Amino acid sequence: MIRGRVHKLGHNVDTDAIIAVKWAGLTDPKELGRHCMETLDPGFAQRVKPGDILVAGKNFGCGSSREIAPWSIKGAGIGCVIAESFARIFFRNGINISLPLIQCAQAAQAAREGDILEIDPASGKIRNETQGTCFQASPYPKFIQELIQAGGLVEYTRQGLARGI
Amino acid sequence: MTLAESILAARCGREKVLPGEFLDVPVDLVMTTDATGLISMEQFRRMGAKRAFDPEKIVFVMDHFVPARTVESAEAIRALRSFARELGAKWFEGGQAGICHVLLPEQGLVAPGEVVVGGDSHTCTYGALGAFATGMGSTDIAVAMATGQVWMRVPETLRVVYKGRPGKWVGGKDLILHTIGLLGVDGATYMAMEFTGEALQFLDMDHRFTMANMAVEAGAKAGLFPVDSKTLEYLEGRVQKRMSPPVWDSRAACQELLEVDVSALEPQVALPHSPANVREVGSLGGLSIDQAVIGSCTNGRIGDLRLAARVLQGKRVHREVRCLVLPGSPEVYLQALEEGLVAAFVKAGAVVGPPTCGPCPGGHMGVLAQGERCVSTTNRNFLGRMGSPKAEIFLANPAVAAASAIMGRIAHPEEVLER
Ligand code: SF4
Numbered sequence: 003m004i005r006g007r008v009h010k011l012g013h014n015v016d017t018d019a020i021i022a023v024k025w026a027g028l029t030d031p032k033e034l035g036r037h038c039m040e041t042l043d044p045g046f047a048q049r050v051k052p053g054d055i056l057v058a059g060k061n062f063g064c065g066s067s068r069e070i071a072p073w074s075i076k077g078a079g080i081g082c083v084i085a086e087s088f089a090r091i092f093f094r095n096g097i098n099i100s101l102p103l104i105q106c107a108q109a110a111q112a113a114r115e116g117d118i119l120e121i122d123p124a125s126g127k128i129r130n131e132t133q134g135t136c137f138q139a140s141p142y143p144k145f146i147q148e149l150i151q152a153g154g155l156v157e158y159t160r161q162g163l164a165r166g167i
Numbered sequence: 442m443t444l445a446e447s448i449l450a451a452r453c454g455r456e457k458v459l460p461g462e463f464l465d466v467p468v469d470l471v472m473t474t475d476a477t478g479l480i481s482m483e484q485f486r487r488m489g490a491k492r493a494f495d496p497e498k499i500v501f502v503m504d505h506f507v508p509a510r511t512v513e514s515a516e517a518i519r520a521l522r523s524f525a526r527e528l529g530a531k532w533f534e535g536g537q538a539g540i541c542h543v544l545l546p547e548q549g550l551v552a553p554g555e556v557v558v559g560g561d562s563h564t565c566t567y568g569a570l571g572a573f574a575t576g577m578g579s580t581d582i583a584v585a586m587a588t589g590q591v592w593m594r595v596p597e598t599l600r601v602v603y604k605g606r607p608g609k610w611v612g613g614k615d616l617i618l619h620t621i622g623l624l625g626v627d628g629a630t631y632m633a634m635e636f637t638g639e640a641l642q643f644l645d646m647d648h649r650f651t652m653a654n655m656a657v658e659a660g661a662k663a664g665l666f667p668v669d670s671k672t673l674e675y676l677e678g679r680v681q682k683r684m685s686p687p688v689w690d691s692r693a694a695c696q697e698l699l700e701v702d703v704s705a706l707e708p709q710v711a712l713p714h715s716p717a718n719v720r721e722v723g724s725l726g727g728l729s730i731d732q733a734v735i736g737s738c739t740n741g742r743i744g745d746l747r748l749a750a751r752v753l754q755g756k757r758v759h760r761e762v763r764c765l766v767l768p769g770s771p772e773v774y775l776q777a778l779e780e781g782l783v784a785a786f787v788k789a790g791a792v793v794g795p796p797t798c799g800p801c802p803g804g805h806m807g808v809l810a811q812g813e814r815c816v817s818t819t820n821r822n823f824l825g826r827m828g829s830p831k832a833e834i835f836l837a838n839p840a841v842a843a844a845s846a847i848m849g850r851i852a853h854p855e856e857v858l859e860r
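Chains W and Z are the protein sequences, given in the same order. Counting from 3, one number per residue, gives the positions in the first sequence under this note's numbering. Counting from 442, one number per residue, gives the positions in the second sequence under this note's numbering.
Mixed in with the good hints, there may be bad ones.
Claimed, not checked - Part of the chain W face toward chain Z, derived, beta carbon under 8 Å: (1) G12; (2) D18; (3) V23; (4) T29; (5) S66; (6) N95; (7) I99; (8) S100; (9) R114; (10) A164.
Said to hold, decoys possible - Straight-line alpha carbon distances no greater than 25 Å define the calculated DSS-like cross-link-like pairs of lysine-lysine that follow: (11) W:K24 / Z:K831; (12) Z:K671 / Z:K604; (13) W:K127 / W:K144; (14) Z:K788 / Z:K756; (15) Z:K531 / Z:K682; (16) W:K32 / W:K10; (17) Z:K831 / W:K10; (18) W:K127 / W:K51; (19) Z:K682 / W:K144.
Hints in this document: simulated from the structure, not taken from any laboratory. None of the values given here were measured: they were computed from a predicted structure. Beta carbons are placed, not taken as given, at the ideal position from N, Cα and C, and that holds for glycine.
Excised from the complex, chain Z in its bound form (with noise of 0.2 Å):
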C-alpha cells in the first residue's frame, strides 16, 4: 500500500483501503487556530456537543493574528480560551506559541502513522513526519472534536520520485515550487503526494517539512515522507507517546508517478498570482523589490534562519528594503539567539519580529501597500494575499530572499557572496 493507504487502513483496523473508498477516520490529534477557531465554536456548539472525545488530543494555537491585531482578534482569543478551558483541551498563546506547524512537530504532538486533522490548509506539513495529516474546515474540525473521528475519501497517490543531489543553494522549497510549476495549482487535487527517491538523503527535516507543507499548493489533500533515520532523529527526545510508523512499499501502486532530476535545478521563484507559475531566479531580470518576508509555517525553522543568515550575516539590508525575519517558534527563535543569528540579521538592517504569521495572510507586522513588490519565503502568492490586491508578491527559499534583500532586488544567493 502507499503511504496514505496504510495509514488509513491501520488507523480504522483494515487490511486495505482502496482509493475512492468513503471512510469514518479516528483522528489522533485536531488543530484549530485564532483564524478558524471561532466557526468551530459555534458549530460545537450547534450540533449539541457536550465535551471533548479526548481534551489530550485537541489542541489550540493562537498564531494567525497575534499579539492581538484588533479589539476583534483580542475578542475571538478570549472567547476561544474560554473554550478550550471548557473542553480541558491544550491551549498555547503569547510565548508559549508559534505558527501551529512549525509548533506542533516541535513539541512532539505529532507521531508517524497518526491521523491528523487541522483547522488550516497547511496541516499537511505534518507528512514530512510520516503522519497522515489534512487541513479541513471549521465544520469538520468541530466534528472531530466531539466525535473523534472525520469521514474522508481515501485518495489516489501521486509519487514524486527526487534523483540527484540537490546544488547548494537549492533545497525544499525549490523542489517543491518545481514540483508545483510542472503540476500545476490543480495537478494534485484530492491525491495525497508522495515524495520520495534518492534526493531525499539530502534534505533535513526542515526542507521536509517546506516540501509538505506546499502540496496544498498542487490541491493535494495530503503530502507524506517515508520514515527514515533523519525523521528518527527528529522525533527523538521530542515523541512521548508510543509510535508506529507506517509500513510503506515504494513500489506499491499509485495512481499518478512523476520524475524529478534536482541535481540541475536551480533556486526557483514564484511569480504572481500562483504558486504554480514557477520560474529560475536568474531569468527574472533583477525586478526590484520593496520588502522581503523570511519566516512562516513553510520557512520558519532553524534550518531556514541559518540559510538566510549565511547571506545576511556581515552584510547590509538595501537602503530601500524592508527585511523582515520571523522566527516561526519559540524554540527557533531562542536557537536562533543562541547561535547569534538574531543578532546577525539586527546587524544587518532587519527587522526580527515575534513568532506569529504576521504579514503571510496579509494580517499585519507587514502588509504590502499597492504597486510594492515583495519576496517571500511564505507559501501564498495570490492576489491580495498579503495586503493590497495591487501588490506583488514573489515565493522563494530563504537564501533567495536574504541575497534580493541585499540586493534591492530579486538576486540569486551567489550574486551577494560574490561582492
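Okay, chain W solo, but in the shape it has when bound (with noise of 0.2 Å):
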C-alpha cells in the first residue's frame, strides 16, 4: 500500500522537465532526487515527503530515454505516479526500476493538489481518501507483473543469469 500526498502535474511533462541534462553525472537516486522537477518548480524537492504522489496528465515522461528521470522521480521520495498515459521508454524505464507507474484517466482527472490517495499498485486499486471517490486501474499484463513480482528488471536479470541463461 501507498498512501500519500497528491502533487499535481499537466500533460506532456518531459524528461528534460523532470531532471535537466547538467545531472547526468549523477548516478544516485538520492542526489538525482533533489534536482527533480526544479525546471518547472524549484521548490518541489523540498515539499515532496516520502511516499507522496505524483498525477499527471497525458504523456507523462515523453523525450528522452535518460533514465535520470524515474530514478530522479524515486530518489525524491515519490511513492507511485499516476497518469494518464505514460510515455513508451519512460513507462519501461520506470517498470524497469521498479518506480510504480499506474495509467488511470479518471483518478488522475479527478486528483487536486494536496488530496490524499491511497493505491495498491498490486491490484491497480486507488482510493481518493480526500474527496472519498475510489477508482480501478486495469492491470499490468502478466510480463510486467512478473518483472514487478522480481523487484524490477535488474533483479529479474540477476535470477536469470544465476540459473545459467
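Please dock the two separately framed chains into a single complex, following the hints provided.
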C-alpha cells in the first residue's frame, strides 16, 4: 500500500523538465532527487514527503531515454506516479527500476493538489481519501507483473543469469 | 505483415507475431553513450553479469558532452572507457566519434532487418535503413549487453502515406514536423510508424534519417522505412555483414493510417515548447533570433550541410546572430571540407564546431541565456532543453535555419535568395 499527498502536474511533462541534462553525470538516486522537477518548480524536491504521489496528465515522461528521470522521481521520495498515459520509454524505465506507475485517466483527472490517495499497485485500486472516491486501474499484463514481483529488471535478470540463462 | 512485425517475427524465428504480444527479442546491436552509459555499467554489475553476450555487437559512442565539458563528464568517459575495454566492446571517442545516430549507419554497423537497441531515445533513426531500432533506458541496455535479449511488446503500426512531390525547400524535416503536428506528441505512443508513399522516391537517405529520427517525438517506438534502391545504394561499401532485408507487404493490415499530401507543403517550424506546435515558416511574422544551430542527429548529415550552404554561400550571418554549424561526424566534416562547405560557413561568419551533440541537449558549446530565441535543426524544443528555461527554441530545416541566421529573424530561404 502506498499512501501520500498528491502533487499535480499537467500534460506532456517531458524528461528534460523532470530532470535537466546537466545532472546526467549523477547516478545516486538521492542526489538526482534533489533536482527533480526543478526547471518547472524549483521548490518541488523540498516539498515532497516520502510516499507522496505524482499525478500527471497525458504522455508523462515523453522525450529522452535518460533513466535519470525515473531515478530522480524515485530519489525524491515519490511512492507512485499516476497518469492519464505514459510515454513509452519512461514507462519501461519506471517498471524496470520498480517505480510504481499506474495509468488511470479518471483517477488522474479527478485528483487535486494536496489530496490524499491510497494506492494498491498490485491490484490497481486507488482510493482518494480527500474526495471519498475509488478508482480501478486496469491490471498490468502478466509479463510486467512478473517483472514487478521479481523486484525490477535487474533482479529479474540476476535471477535469470544465476540460473545460467 | 507490417515492417515492424516482419522484423520481429524473423528475429524471433516465428512465422507471425501480433501487436500486443510480449516477446524476448534477440538484438543485433546494443549502443550506449556518455549520457546514459554510467547507469548501464552500474546495473550490469548489479545484476551479476560477468561478460558481454557478444562484444562485437556492443558499441560505445562518446558524443553528448565531448570534448569533455566538465571534470564530471571527463570522469564518466574515463569510467566508460575501462568498462568498454573490459567487455571488449567497440569504442568511439575523439576524432573517431560523431553523434551516435550519424556515426553508426555511416560505419556500416546497422543493416536492414536487424534489431538495434540504444541507450538514447533517437535510436529510432536507424529505421531509415529498414532496421527495427528503438531507444531504451540504461537498465534495459545493461540487460541487452549481458544477455543479448530485450523484452518487447510488439507495437501496433501507424502507416503514414506521403503523396505528391515535395517542393524546393521542403524536405524530411518538414514532412516529419508536419506529421507530428497532425499526430500530436503522443499520437503514436507505443506504435511503430511506417513511412511509405510515392513521395519517398524524392527523399534521399539523409532526409529519411531525419524523419525516422523524430518518430519518437510523436511517442513512437520505432519509425521504419521500406528498403529501396536508395537504401541499397547507401549501404553499399558500408555494411560488410550479410543482410536480410525485411519482407514487407505495403498493404498489410495496420492499426492506423494517415495520408499526407506534401505537394503544397511549405517549410515547417515547431514553436516553443513542443515539436507538435507546428506552423508554416511564413506565418511567423519574422520573429527576431539570437542563435541558429545547424547540426545534431536530426540534421547533421552532409545533405543537411549542403542545404545550409546553398543559402549561406556568399552571404553574411546577421551581426546579432550566432550561427553554429556542427557536422554530425568526422566523415560529414571531411566531406564538407572537401566540398568547400566549411569555407563557405566560416566566410559567412558562422562558427563551425566539432561533431558533438553540443547545444542540442543544453550540454555545452552554445547554450542559451534567458530571453534568447534560437532556430535549431535539432529535434526537441522542450522548455529549458538548450539552456535557460526562459529561452525559446524553434525547430526547422537547415535551409530555414541558415536563412534565419542571415536575416536575423525567422525567414524562408527564398527571402535570402531573392535579395
Ligand atoms: S544530437 Fe541531440 S537529440 Fe541527437 S543524440 Fe545528441 S542530444 Fe540526443
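Structure-based check of each hint:
1. Restraint check, G12 (chain W) versus chain Z: the minimum CB separation of about 12 Å is more than 8 Å; hint violated.
2. The interface hint given for D18 (chain W) holds, since its Cβ lies 5 Å from the closest Cβ of chain Z, which is under the 8 Å cut-off.
3. Annotation: V23 (chain W) was flagged as interfacial toward chain Z, and the flag holds, the nearest CB pair being 4 Å apart, inside 8 Å.
4. Interface hint status for T29 (chain W): upheld, as the beta-carbon distance to the closest one in chain Z is roughly 5 Å, under 8 Å.
5. Residue-level restraint check for S66 (chain W) holds (minimum Cβ-Cβ distance to chain Z is 5 Å; threshold 8 Å).
6. Given the 8 Å rule on beta carbons, the hint for N95 (chain W) holds: about 4 Å separates it from the nearest Cβ of chain Z.
7. Against a cut-off of 8 Å between C-beta atoms, the interface hint on I99 (chain W) holds, since the closest Cβ of chain Z lies about 6 Å away.
8. Proximity of S100 (chain W) to chain Z is violated relative to the hint, the smallest CB-CB distance being about 10 Å (cut-off 8 Å).
9. Here the hint on R114 (chain W) is broken, as its CB sits about 23 Å from the closest CB of chain Z, past 8 Å.
10. With 8 Å as the threshold, the beta carbon of A164 (chain W) comes within range of chain Z, its nearest partner Cβ sitting at about 7 Å, so the hint holds.
11. Distance hint between K24 (chain W) and K831 (chain Z) is fulfilled; the C-alpha atoms sit about 16 Å from each other, no more than 25 Å.
12. For the suggested pair K671 (chain Z) and K604 (chain Z), the alpha carbons sit about 18 Å apart, so the restraint of at most 25 Å is met.
13. Under the criterion of a C-alpha separation no larger than 25 Å, the hint pairing K127 (chain W) with K144 (chain W) is consistent with the structure, at around 17 Å.
14. For the given pair, K788 (chain Z) sits about 8 Å from K756 (chain Z) by alpha-carbon distance, which is consistent with the 25 Å threshold.
15. Our distance criterion of 25 Å between C-alpha atoms is met by K531 (chain Z) and K682 (chain Z), whose separation comes to about 16 Å.
16. Using a Cα cut-off of 25 Å, the hinted pair K32 (chain W) and K10 (chain W) holds, with the two alpha carbons roughly 21 Å apart.
17. Pair hint K831 (chain Z) plus K10 (chain W) holds up; C-alpha atoms about 22 Å apart against a cutoff of 25 Å.
18. Between K127 (chain W) and K51 (chain W), the direct Cα distance comes to roughly 22 Å. Compliance with the 25 Å bound is thereby established for this hinted pair.
19. Between K682 (chain Z) and K144 (chain W), the direct Cα distance comes to roughly 37 Å. Violation of the 25 Å bound is thereby established for this hinted pair.
Checked against the numbered hints above, the structure breaks hints 1, 8, 9, 19 and satisfies the rest.
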